[in-house]
Amino acid sequence: MSRSALVARLAILGLLVAFLVAPQAFAPVFAPLNEYGAPAIYDQGDLLELALSHLWLVLIAAAASTVVAVALGIFVTRPAGAQFLPLSRTLVNVGQTFPPVAVLAVAVPLVGFGQAPTLIALFAYGLLPIFENTIAGLESCPPPVLEAADGLGMNAWQRLRQVELPLAVPLIMEGVRLSLVINVGTATIGSTVAARGLGEVIIAGLLSNNAAFVLQGGLVTALMAILLYDGMRLLEQRYLPTSRN
Amino acid sequence: MQRIDRLGVLLSFSGALALTLLPLVVFKANRIVPGEPRALLDLVPTAALALYFTLAVAAAVAVFIQSPRIRLLTALIGIAALAIAVASAADILTPAGNRVVRVAPGAGFWIVLIALGLLATDALTRLRPGPVLRVATLVVFLAATLAALGSGFFDDLSIMREYAVNATRFAHEAQRHLLLALGSLGAAVIVALPLGVLCHRQPRLRNAVLGVLNVVQTIPSIALFGILMAPLAAMALAFPALAALGLSGIGAAPAAIALFLYSLLPIVGNTVVGLGRVSPAAVDAARGMGLTAGQILRQIELPLALPTILTGIRIVLVQNIGLVTIAALIGGGGFGAFVFQGIGQTAIDLVLLGAIPTVVLAFSASVVLDALTDLTRRVPR
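Same order as they appear, the protein sequences are chains Z and V.
Using this note's numbering, you'd call the opening residue of the first sequence number 1 and step up by one each time.
Using this note's numbering, you'd call the opening residue of the second sequence number 246 and step up by one each time.
To be clear, the hints were calculated from the coordinates, so they are not data collected in a lab.
As the structure is a computational prediction, the values presented were derived from the model and not from experiment.
Built from N, CA and C at the ideal position, the CB exists for glycine as well.
Careful, some of the hints might be misleading.
Stated by the list, open to error - If the Cβ cut is set under 7 Å, some of the chain Z residues that face chain V in the computed set are: (1) THR90; (2) VAL101; (3) GLY185; (4) ILE202; (5) LEU206; (6) LEU207; (7) ALA211; (8) LEU215; (9) ALA225; (10) ILE226.
Just chain V, with the same shape it has in the complex (with noise of 0.2 Å):
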């Protein structure tokens, strides 16, 4: 029986050296100048005292308890008492009415929410939830968040005083950014399906499909976007009413199609691959039986081969999702545009703004798609 958690040992020496050289809080006169460090405990002492004290217990359930569940239990309440105790000093740092000072947690700040989400995700993979429970977790987790970003204790924070400048705008994008990525993905399953079943049937069609989307593939993004913009505004041009429904250089149409590209082939690829792994056995039962081929297809193989599908579409769903945040760049809109804006202002709490909810959005649909995956591949065979 081993007493000591090497993994536990690790995160709480991260934690403790983070908090030992690292602020908690930085205090910027304005959103662009970079930030001085100010001490946690001269600030807020009662809740400076109350966050040592939990990172304290936390380290040493780390490093001394093994139940996954108190584990995953004192990560959570590490992690309330870091966000609290870091809002409560910038409500005391920001002067009433101030619209222009930020207040940004600082680097220590990070690692040690990372070495507590560290300690938080091991615990959940120790439990081994079933995919209903992960999704739950999932909803639970991201409704808390929200819940408590919406009560208004967190407002004077960096990055929420930037979302109260953006608020129209961000839900603007967000909608922008699910659309683009769920739309290229919705048009992608549509040809992508039946041309995986053509290219399982057909050899040499495979060879030739599989090459040209590989090919594909290794395109740069921005290339990608930049590439077809050319050919959408001559089309365009040439076509008033493809215009007048939208259609231009710039834009979300070359984003669209750029991203529905990119989708072929993962999901090409692995219907190929799903169907191949039916067992000839199932086939053969279900030709004895006097199913049709249309049959077959639809009742044996494509259930079977659901999982590896659901796979193919889980990786063009992040990757999706990841890949809009480039199309700010011409104009696609997006998340991408609050990050790239950032970076050309040098503000930093602009780029978090769009980066930290691509983050959120990747993850989530990962997680969703992964559940599902798990759920197909258990129904009786």
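Just chain Z, with the same shape it has in the complex (with noise of 0.2 Å):
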């Protein structure tokens, strides 16, 4: 990334703490927004708490996606799991045009209302990318690549650890950033069935006429979504060594 791109998302970010901290200080800029002396700012919770615990929610459902879709695409791309490959591709693309509202949908009434339901829509849904990455990911290894390490001596698991996984960490990492993305704007519509976050604001907006609730709890939300993408783009470009090019 480049030096001013850098600058630009550093100067987003203190915008976003800015509005987030101290939303009153923005009045005037949705005001123009009302008619008739509507509340300008989101006055029925705090920001704050809503984009925190929004976060919270993507977050914790993206960690156990990503566990459970790389430990899976490893197991397909194995000898042992060689039989559920064929299947898990045709899953991955099946289980994508699955619309997120039927999976929270449906989850509902087998947990309730409330965060338990968002978690699970956002946890299927993010599963698909990263899922689909790491198999793609682990078999793009070039076959040279993986006799050398046959023929160094390694055994199946240290070529998983010391070779396969490496070269996979670009693609793997992007299908978590992707669906990252995904689940900020879906955790929104989790706001229907009672989970804490950004949706509130737009859904309170949607009920009282409010054009200004839409846009900052729309707004939010977006300048989230692109700080989530580069922020892990920077830290791996930082961390793993593979993703550096």
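Hints in hand, dock the two standalone chains.
Next up, the structure:
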């Protein structure tokens, strides 16, 4: 990332934090959107708390789906799991056609209202990109490299740990980033089933015809998604050797 | 030669576990209360025994038989037996003329159905059907399902009850759903294709356009729907002619515009990628033959990029069909109306009445467009 792009991201981050900590200072910006003196800043809850709860929900779901998806991806690309590979590919394709609302709606009768159905929907929805990219990453290791690893006398576990996974990491991380961005947006729908998050702000705006609420809920969510994506990429380039290029 | 199929073992084990621990049928005194499990064997002994026998055979086939055709056939027979057993239980449990009680498939039913569905899917995947055969299979499967549902045999099941109550609205919402998803896709193709070609020619424009569209993609859908409501309402107020055409702040207009905006990125992006992959040699050869720039674009570049562009269109259509459900929140209609109404009333049957057709629609769209992509890839170059 170039220096100017980095500065721009930091500026956006600063603006976002400033808005969440002291939203009333931004009231003049949003006030023109509303008529008849309707509140310009969300007043039915603490924006910072909602944003953190939103982020927390997304991160927990993403962590769980990363662990499960990477483990499954490794399993189906080993000889022991080879019989599951064709089905896994089809499931990845079919699963992506499931609308998030449907996943959410089906989870509600199972676990009730609140955070739980949202977590399940985010988890299930986040699995696919990571699983898909884990398989793609592991399968893209060049055969000569694998043969060299065998030639060095590595056993299957060593080969996976020291050769295949490091080579697959850039693709796997891309899947994680993708699923994070999708989930930051999807989590807003969770508010229709009473999960605490920024969707609350948007839905309050829809219900009371308050465009300022809708806009601030949407903007905070979008900025969070963008910053999360770029932040992850920055961390990868710094700490994961195979991601540097 | 491996004797035991591990996937078959997993599926049979999950199915058997679900059958012993979870109910196949639940009985509800009305549509909102939680159901109480009922034993299938007490209700319809013959159908239940036939079902258990069929499932045992399916499990044996899944574990020991490798032939995909036989596996597919047993899985389909299993699904039919499952549906028939549960429907006859519903028939027995429902007092004649009673419109209040609900007999719903239980958790056991859904898990066994998923296990059988996975078995069938796996068999189909291993058969590697060509694009035409895939679409034909889909059409036959949909037709058989619709015929079965239309026969009246399943009318006592809870979801069909919910459908019977909402039949006219269902047709209306289905039409609305398709119109919104396809209309916004059509508009997006008209705009995004030329935009993609321009972006391919102008790298600076490409970065700007893709950057903006990437940001649009991160705006959560309910927010984008909401953000568009205010300016549209203002426009309708300022220009009565537009309002007379049906433009208003709530309803289909903001939904259609938001879907259109979300549709742009995948199509523009894939057009740029597809055109970028066209080999320069092909373009050079065409130029050498004296083709004009317009002819090269129409006869060489676009046909070669078509599979990639169609992939983008598939992504958009599947995504739109899912997103239209959310449009129901702002009065846009579509199957989402049932979903959110069902969530509001905690009536799961109503939720499923909205969710299942959405999934089927998205899945069908994906199969058809995938087949189209494969067909265009096979055009001799």
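A quick look at each hint next to the structure:
For THR90 (chain Z), the suggested interface contact is upheld, since its CB lies about 5 Å from the closest CB of chain V, less than 7 Å. Restraint check, VAL101 (chain Z) versus chain V: the minimum CB separation of about 4 Å is within 7 Å; hint holds. A least Cβ separation of about 4 Å between GLY185 (chain Z) and chain V falls short of the 7 Å threshold, and the interface hint therefore holds. Hint status for ILE202 (chain Z): holds, given a least beta-carbon distance of 5 Å to chain V, under 7 Å.
Because the closest C-beta pair between LEU206 (chain Z) and chain V is about 5 Å apart, less than 7 Å, the hint holds. Look at LEU207 (chain Z): its Cβ only gets to about 10 Å from chain V, farther than 7 Å, so that hint breaks. Of the supplied interface hints, the one on ALA211 (chain Z) holds, with its beta-carbon coming within about 4 Å of a beta-carbon of chain V, less than 7 Å. The beta carbon of LEU215 (chain Z) is positioned within 7 Å of a beta carbon in chain V (closest approach about 6 Å), and the interface hint is therefore held.
Interface hint at ALA225 (chain Z): satisfied, since its Cβ lies 4 Å from the closest Cβ of chain V, which is below the 7 Å cut-off. For ILE226 (chain Z), the interface hint holds, since its Cβ comes within 7 Å of a Cβ in chain V; the closest pair sits about 6 Å apart.
Of the hints listed earlier, the one the structure fails to meet is number 6.
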